[in-house]
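Listed below, chain by chain, are the residues.
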Amino acid sequence: MKFETPATENPIDQLKVIGKATDRVEGPFKTMGRARYAYEWHDVAKNPAYGYVVGSAIAKGRIRSIDLSLAKVSHGVLAIVTAENAGKLGKGEFNTALLLGGPEIQHYHQAVALVVAETFEQARAAAGQIRIEYEKAPGAFDLAAAKDSAPMADKITGGVAASKVGDFEGAFAAAPVQLDATYTTPDQSHAMMEPHSSLAKWEGDKLTVWTSNQMIDWGRGDLAKTLNIPKENVRLISPYIGGGFGGKLFVRADAVLASLGARAAQRPVKVALQRALMPNNTTHRPATIQRIRLGTTREGKITAIGHDSWSGDLPEGKPDGAVHQTRLLYAGENRMTATRLAVLDLPEANAMRAPGEATGMMALEIAMDELAEKLGIDPVELRILNDTQVVPDDASPPSKDDPQDRKGDTAANQAGKGKRFSQRQFIECLRLGAERFGWNKRSAKPAANRDGMWLIGQGVAAAYRGNQTTKSAARVRLDSRGGVIVETDMTDIGTGSYTVIAQTAAEMLGVPLNRVLVRLGDSSFPVSSGSGGQWGANCSTSGVYAACLKLREMVAQKLGVSATDAVFSDGRVRVGDRDVPLGEVAGSAGLVAEDAIEFGKLAKEYQQSTFGAHFVEVGVHVATGETRVRRMLAVCAAGRILNPKAARSQVIGAMTMGVGAALMEELAVDKRLGFFVNHDMATYEVPVHADIPHQDVIFLDETDPISSPMKAKGVAELGICGVAAAVANAIYNATGVRVRDYPITLDKLLDGLPDVA
Amino acid sequence: MSKVSLTVNGQACDLELDNRTTLLDALREHLHLTGTKKGCDQGQCGACTVIAGGHRINSCLTLAVMHQGDSITTIEGLGTPEKLHPMQAAFVKCDGFQCGYCTPGQICSAVAMLDEVKAGIPSHVTADLTSHPQLTTDEIRERMSGNICRCAAYSNIIEAISEVGRGEI
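Chains A and B, in that order, are what the protein sequence lines are. For what it's worth, our numbering labels the leading residue of the first sequence as 1, then goes sequentially. For what it's worth, our numbering labels the leading residue of the second sequence as 1, then goes sequentially.
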């Protein structure tokens, strides 16, 4: 079905199943250890061989020679794959660097060999026997050093690289109150719990890969393209995914190497990227340098708003879209944004949870806090004062290179001056959050509160993230016993897809939740939106909605009545005085309906976005500078919340990742050798239990009929946008020390802390 | 190669293993008990936590041959589909997981951790080492910090463990 006019009342509005805080339907499987992840398919490949990946020991240059002689005769070795013997490989549309390097090396830990052996231990031992001689080439590894020569980028995800409205320079120069500050964010790693893993099995020229991938159809296409085989010959299966956060949007080396290894060894082969390879071998969120300029009247009205951002990537790579939200969040007549992209020879930069807004809000929302202090205005009130109900920036043509555009069926979110937001309850989020958090008890003067050895402070930040819509298909079967099976290649990366899809089908067909079986993550199912950019829940359930509507029509047709007259409830369909069990209508053959939701002009006519506000209280130890987060509250306005329990979990997870970004997460760059030094889970620090207090989340009661028939939007990425700045602002409020260089580790605070005595 | 006999979830298992095989890989690759997860294979994430001889350990950091005769409990040994272990039920109820990959480790860790508190073993945050530690949220957070959850269900996991600790589930 095409979705081209705002949704009116529909069966979802019954809210008998949708909107309920249902436990996850797959919960018992996961808590019993019975959910199967990519490396765990013992029944489909009884005697798999094991692959072990060798990563490049240099960042840039060439392999002069590879000596496999010792490794080949090592015990149990079946095959060794290198670029030399792998045959001609293509490059995936979504990959920047090659997934099997050699002889040219593009980045550190780029895969250069896969050793396949009877056992994991044998493969690992043999990998250590490979001798490689490299010829190093000089590379660029330092964003700050490359900044001044970095050219303008072509585009960012979600639009053009630069925008201009009015006369920014003139208005900024004339503004009685000015802020001009530069902020830096470091490279970050997804560090999902399950490593990138694949089991590959060939049957003739047909390839099946059990893998861990967020976007099944992209992965299927790119694996075929890389291996130079027809897409129809590839099947991907990925029902459970141990975390992705953008790191599993694309085919990675595990899938390609498992496929090549299985071909070479003539056996099914499984490969899990070793943890220590992950940060350098795969993608990461790139570091940014951001300059923000804000000019206001004495009363605090923004008259000039400017945002410049610099990031780096490999040749032909793409920039971080940190300026994106600055075109949409605050009013102001004179505006500019600009994005510059340096060529760096570090590993491939790419999407990580809320790419663009996550980094952009880290900078913009500290800037707003600094501005509020300059003006002597409460930071909540400053944001409210500068709210806008229409898009304040110029129209940007959609970028043809956006992942969500590549399918050719998506109306990308684009700014367009004067366009209305489909919903914008930003002020409501701020006001409700301030009330619930007790914001009025905060001292505007920094370093004014102390609890023993702890300096206490509170911070606020806005949350903003776009809502993207993209085509999504599903197939729904109704059997003779009234059971429903939903099939779609949608993935559940922990987001709750299984549950919200089951809820959608149950609501649409009037059956109990436990009569719905949801099957996901298989490329033999209809192509869905996949999971990324917080579009998954809204789009995939809309696809299921469309298929269920079709099934309702088929049921009605079988009964010889109009679908609009039929009432689907309690596993039965009622029309007038007829009351028939659904299973009876389906009959022994059952009924199968397949359809897709396709989004039309509404996505162009309205700006669709999600909004929120984050409130954080921290304590900073007066002697050590250690920061402890004491309280966190997020208020979110993100359309209809399909399942408040799963949605809340998404938001608290995102808030936690935001705490990580604020306080600890940083891939440390070795600028001489060109790699991320802390490439494991002990040295790339992420929040643990002891770092995170109880977290509060409030969802505003909102529906957005412009977004989809579900009237829902995304929420999983909204939760991270702004959190780090709220923490940073709370630290400033606690200590009076303003840190503009993330993460805010204690060494950056110590010099500015008051005397201990 | 060495012969190793383990009792896993109450069942005797006789294995012949490469000496280099970790307890984790013995469970996952040889016994096909894939509920125990390999997150990092280097003792940093806790996803591989099992209970060996009543104590929680990272099964990736120990070789199977070091456990001759030991009794091992994995996630598969804690509950059944008909009757979840209270900790499993609490995790479902409190939504103490998202992607599910750290979950078996969190649950095994939590079950053994409650026993440690019962046994009076102090932690870094136990204020008074001479008195019996209380099951406060600070104690739970400290004791569970070896189990990373990148989806970050922490707030919910603490609620789940607290409910079980209070005997509410």
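Hints listed in this document are in silico derivations from the structure and should not be mistaken for laboratory results. One or more hints might be untrue.
Stated by the list, open to error - Here are the simulated lysine to any residue pairs, SDA-like style, with alpha carbons at most 20 angstroms apart: (1) B:K93 <-> A:P644; (2) A:K301 <-> A:A331; (3) A:K231 <-> A:Q106; (4) A:K301 <-> A:N228; (5) B:K3 <-> A:K231; (6) B:K93 <-> A:E381; (7) B:K3 <-> A:T119; (8) A:K645 <-> B:P133; (9) A:K417 <-> A:D167; (10) A:K16 <-> A:P705; (11) A:K147 <-> A:V669; (12) B:K83 <-> A:K301; (13) A:K550 <-> A:E605; (14) B:K93 <-> A:G19; (15) A:K20 <-> B:K83; (16) A:K206 <-> A:D43; (17) A:K46 <-> A:Y134; (18) A:K20 <-> A:D701; (19) B:K93 <-> A:A589; (20) A:K206 <-> A:D217; (21) A:K46 <-> B:E116; (22) A:K441 <-> A:D451; (23) B:K83 <-> A:N514; (24) A:K645 <-> B:K93; (25) B:K83 <-> A:V25; (26) A:K20 <-> B:K3; (27) A:K88 <-> A:Q106; (28) A:K445 <-> A:V737; (29) B:K93 <-> A:G418; (30) B:K93 <-> A:V25; (31) A:K231 <-> A:K2; (32) B:K93 <-> A:T745; (33) B:K93 <-> A:K88; (34) A:K206 <-> A:Q178; (35) A:K441 <-> A:G452; (36) A:K645 <-> B:K3.
Claimed, not checked - What follows is a set of in silico ranges between Cβ atoms, one per label pair, in the way DEER data are often shown: (37) A:I229 <-> B:R166: 32 to 42 angstroms; (38) B:T130 <-> A:G452: 35 to 45 angstroms; (39) A:R450 <-> B:H55: 20 to 30 angstroms.
Note that CB positions come from ideal geometry on N, CA and C, so glycine has one too.
Status of each hint after checking the structure:
1. B:K93 <-> A:P644: Roughly 13 angstroms separates the two Cα atoms, so the pair holds.
2. A:K301 <-> A:A331: holds (8 angstroms)
3. A:K231 <-> A:Q106: violated (27 angstroms)
4. A:K301 <-> A:N228: Between K301 (chain A) and N228 (chain A) the Cα gap is close to 57 angstroms, so the pair fails against 20 angstroms, i.e. violated.
5. B:K3 <-> A:K231: violated (46 angstroms)
6. B:K93 <-> A:E381: violated (39 angstroms)
7. B:K3 <-> A:T119: holds (17 angstroms)
8. A:K645 <-> B:P133: With a Cα-Cα distance of about 32 angstroms, the restraint between K645 (chain A) and P133 (chain B) is violated, given a limit of 20 angstroms.
9. A:K417 <-> A:D167: holds (15 angstroms)
10. A:K16 <-> A:P705: holds (19 angstroms)
11. A:K147 <-> A:V669: Answer holds: K147 (chain A) to V669 (chain A) is near 16 angstroms, not above 20 angstroms.
12. B:K83 <-> A:K301: Given that 20 angstroms is the threshold and the Cα spacing comes to 61 angstroms, the pair is violated.
13. A:K550 <-> A:E605: violated (27 angstroms)
14. B:K93 <-> A:G19: Holds - the C-alpha atoms of G19 (chain A) and K93 (chain B) are around 17 angstroms apart, at most 20 angstroms.
15. A:K20 <-> B:K83: violated (25 angstroms)
16. A:K206 <-> A:D43: holds (19 angstroms)
17. A:K46 <-> A:Y134: With a Cα-Cα distance of about 38 angstroms, the restraint between K46 (chain A) and Y134 (chain A) is violated, given a limit of 20 angstroms.
18. A:K20 <-> A:D701: Answer holds: K20 (chain A) to D701 (chain A) is near 13 angstroms, not above 20 angstroms.
19. B:K93 <-> A:A589: Not OK: K93 (chain B) and A589 (chain A) at ~37 angstroms, beyond 20 angstroms, violated.
20. A:K206 <-> A:D217: Cα-Cα ~16 angstroms, so holds.
21. A:K46 <-> B:E116: violated (40 angstroms)
22. A:K441 <-> A:D451: Satisfied, since the Cα-Cα distance of roughly 15 angstroms is no more than 20 angstroms.
23. B:K83 <-> A:N514: The given pair, whose Cα atoms are some 18 angstroms apart, holds under the 20 angstroms limit.
24. A:K645 <-> B:K93: holds (10 angstroms)
25. B:K83 <-> A:V25: holds (16 angstroms)
26. A:K20 <-> B:K3: Violated - the C-alpha atoms of K3 (chain B) and K20 (chain A) are around 53 angstroms apart, more than 20 angstroms.
27. A:K88 <-> A:Q106: OK: K88 (chain A) and Q106 (chain A) at ~17 angstroms, within 20 angstroms.
28. A:K445 <-> A:V737: The given pair, whose Cα atoms are some 12 angstroms apart, holds under the 20 angstroms limit.
29. B:K93 <-> A:G418: violated (46 angstroms)
30. B:K93 <-> A:V25: Given pair K93 (chain B), V25 (chain A) holds - Cα atoms ~11 angstroms apart, limit 20 angstroms.
31. A:K231 <-> A:K2: With a Cα-Cα distance of about 27 angstroms, the restraint between K231 (chain A) and K2 (chain A) is violated, given a limit of 20 angstroms.
32. B:K93 <-> A:T745: violated (36 angstroms)
33. B:K93 <-> A:K88: violated (51 angstroms)
34. A:K206 <-> A:Q178: Since the Cα atoms of K206 (chain A) and Q178 (chain A) sit roughly 63 angstroms apart, the hinted pair is violated (cutoff 20 angstroms).
35. A:K441 <-> A:G452: holds (19 angstroms)
36. A:K645 <-> B:K3: violated (48 angstroms)
37. A:I229 <-> B:R166: 32 to 42 angstroms: violated (57 angstroms)
38. B:T130 <-> A:G452: 35 to 45 angstroms: With Cβ atoms ~23 angstroms apart, the hint is violated.
39. A:R450 <-> B:H55: 20 to 30 angstroms: Check failed, 41 angstroms falls outside 20 to 30 angstroms.
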